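Undergrad: Which chain is which? The protein sequence lines are H, C and W, in order.
Just so you know, the first sequence maps onto residues -11 to 284 in the numbering used here.
Just so you know, the second sequence maps onto residues 29 to 415 in the numbering used here.
Just so you know, the third sequence maps onto residues 1083 to 1381 in the numbering used here.
Calculated directly from the structure, the hints in this document are not laboratory data.
Only true hints are included.
In silico BS3-like links for lysine-lysine, alpha-carbon gap of 27 Å or less:
1. K1351/W x K57/C
2. K320/C x K407/C
3. K329/C x K1351/W
4. K248/C x K294/C
5. K320/C x K98/C
6. K57/C x K360/C
7. K277/C x K294/C
8. K1351/W x K127/C
9. K98/C x K57/C
In this text, all values refer to a predicted model and were calculated from it rather than measured experimentally.
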Amino acid sequence: MLDIILSPQLFFAAAVLGSLYALIGLGLNLVYGTMRLLNIAHGDIVMLGAFSAFWWFTLTGFSPLLALPLIAALGALIGLGLYILLFRRQLAQGLDPVAIEARSLLLFFGVSVVIQNVTALLFTATPRAYRHLDEVFRIGDLAMTGNRIAALACSVVLLTAMLVFLKKTLFGVEVRALIQHREAARIVGINVEKVQIVAISMGFGVTAIAGALLSMTELTTPFMGFRFTIASFVVIILGGLGNIKGGIMAGFLLGLLEIYAVTIFSAEARSILIYGCFVLAIVLRPQGLLGIGKKV
Amino acid sequence: MIRRQLFGIALGTALATLAMPVWAEDPVKIGYTMARTGLFAEAAPSQENAYALWQEQVNAAGGLDVNGVKRMIEFVSYDDESDPAKSAQLYERLITSDKVDLLLAPWGTPHHLNVAGVAERYGFPIVGNTAASVAIREVQPGNIWFPTSAIPDKIGPELAAMLAEAGVGSVSIIANVLPFSQENLAFLTAALKAANIEIKMSENYPPDISDMTPLITQMKSAGADAVLALTYPADAFLYMGQARELGLKADLQFMLIGPTIDAFNKAFGPAADGVVTLAHWSPAQSDWPRAKPFFDAYVAKFNQEPDYLDSALAYMSAEILTQAVAKAGLNKDALRQAIASGSFDTINGEVRFEGVQNSVTPTAFVQRQGDVTELVWPKSIATAPLQ
Amino acid sequence: MKTATVIIAISAAASALYFLGLWAGPYWQIVVLNLAMWIALTQSWSLFSGLTGYISLGHAVAYGLGAYVMASLFREWPIWLIIPAGGVVAGLFALIVALPVLRVRGPYFVILTFGLAELVKFVLLAVDTALGQSSRLLFGAPNTQTLLLWMLALAVAATLLRHQIGLSRFGRGLIAIREDETAAETIGVPITRYKVAAFALSTVIPGMVGAIMALRSTYFEVLQVFSPTISFTIVTMVIIGGSGDARGPVMGALFLVALAEILRGLSPKFYLIFLGLSLVLFVIFSPNGLTGLLERKPR
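Based on the provided sequences and hints, a complete structural model is requested.
TA: Spelled out as structure tokens, the structure:
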């Protein structure tokens, strides 16, 4: 048993899963943290990323990894479009966060229904998949499929880049200021509008990339998104809402939980363990497991 | 590709309009609901595609033969949002307010069971297709029929028999907790015990599992002769990819639902070679002259292979309806009589009903061998030996 | 308005709906049944979430538990007894989890209730698997007309309950909690007792609704009745209608059910797309809900 738990194979699986959860969570966290928008269409952006990668590969034959910047741009454009069409005016009204949360929940519910059904109408609901980078590399006992290595590598690079960007640049400071205190940020002269636009574009962009990476290993369908919406909310709640670093850690934690809980207990108990741990974590730490005790 | 399809459809419509005689009869209205959104949305297209192909073919040939009169087919369909109760409600609407002439079946067991009640109430005959559960035996016979032979209490014993014949002495099983897998697990476990095949491992997993590395590692160390994965489509995909990564080796690999989906072969190609799965139809069976033309027409229209289970069953149900209507017309009583007592020539060979069930087609398994999906069990309809 | 007037008005409206359903035929009977179901669910939800401001995204649990009770006891107990049993089970479950869950606030509470609903769903899925009961058949349920009558009774009960509580001392206490929980405590509102009571009370009728709705389908599967869509739809309807009083949920439910039927009739193919678009347009042009729209004073 112990040798199984310590095997690098399980750790690899947990890392792949965790990095993708972290990436999707990061996208949601940027949008929620800066604007208090409860984006329940988040998983649908994952889906659009996956579909874009599928069509890119099917039509051009080139690796979807080459199209990642393009897919990110597409995600960003959707985020920007939604911001301008739906949220700019709402946010400018200076409503209290509870009202914004309620309205954005409803708006994104509508957006989610539209995105899913337009996709289903255009491409049908038939499950899609393609073969790419599927050779298996073996190092000792460890076996890794090429596309899973690629997914892990891309997400880790992207996560690191985003962290550095948010930590080191002036813009990053502004984003964090907005997350921590909206009104104060405005008073000290931060261009709130600009920060919001960049945050939603970046958030949607990385989410679309995560979808593209997932499409190499999972079935792509117009209705695949909901699973990821749930997962990303679990991640950002565990990490503490708006806490970028906490969210990333929570993503990896969820990956570890998913793999090791199943190994130690049983596969049948998987979902019970995941939701059980999640519920327990919030009840014990109402500000998020990794939250810093910030008043919400 | 989409543009080409659209162009094809436009051209087809244009030609159909030109070819239509001036004294054309009213079209035959045929209703159904489909799980276009919700829980089952991914599974439903393979069925609806078969309906669309059937409609196109029949209309191109001048229309549906109703007692000797050719009439065009017009579909009236709704999205049932994967909600069986809504499906039943919409079938009421199709019958009472849209006043359709005929009905086709919705997708899946729960929907069939609900719609069966509506069929019963209005005395409206429906040929079912994609329902596969022992529960269908509980349905009152008379207005609904099930051409499938993929029913768990038959699958279990047949699978055990096939394994025994292949010299398999031990198996490892993993099963989704959803109904179809669990029904199969129960009958399969009993049949394996009866056949003296050792079960080295048997584990369940929930439908939203996102990684199977631990399960497959466990299967690998169990080292059984055969691995049986009682999957649904999404987890079939996960299983196959990760079993491949971990190099899970066994003399025989069986998966319940998944490998008959076109995307499965697109994603795994040669890696899916040798996987055995549930289906009772194959275009490779030359005793069924209609099988290959159906396959070719489907591939030409949709640019993908039909689902060997769902698409085939859906098309069969439409063929049965076509032949019954040609004989009995649209009168419900005559039609019911024709379906219940007739013998039908389908892409899956002859079909006859006893009670609600198809009494001819045997429960069977297929195996991917190179680019073809061959029937490997039972011997009576096999197109190639098990590899 | 006097309580008696309200009771008469609501009962008259319900009777009218019942006869409308009977007159319009089986399809519309089910539409009215669904409408009554949503009114019963949204009123109950609003009783807790509307008054306290704790947005629950987990009310599918109450519905699912009720349905599960019905499916399990269908052949064992008389139906008239199983329906209240469904309500009791849902209420008891809410009571048990209330204390720890209600310590959590804001968006954390929203997602916590959602996670709790998923947890219960998977626990029951595992229980059914262990029992070898992956699906159940419910043949011989009462006809639609009977179900419609029961459901309308529940809708009336939920509406009256919501109305009366809104006017009571209890209701004013709950509103005080929504405005400022700490302040409410200082002026002597027993906040914990009130919150727990409202939370549990808000799940009883949904449990009974679930029990009745299980009878609508001959095939029972855990995954179907614990669908998160139920929770989302409840919240959507109340936000659309407004949660200030008992009118809001009725209007929200009526609006969404009517819209869905109209769009389905107009275009079965694009119906969900139009529904989503309508929702978006609605929020943009009428951010304060239907009640807000009615109360907007002409300038």
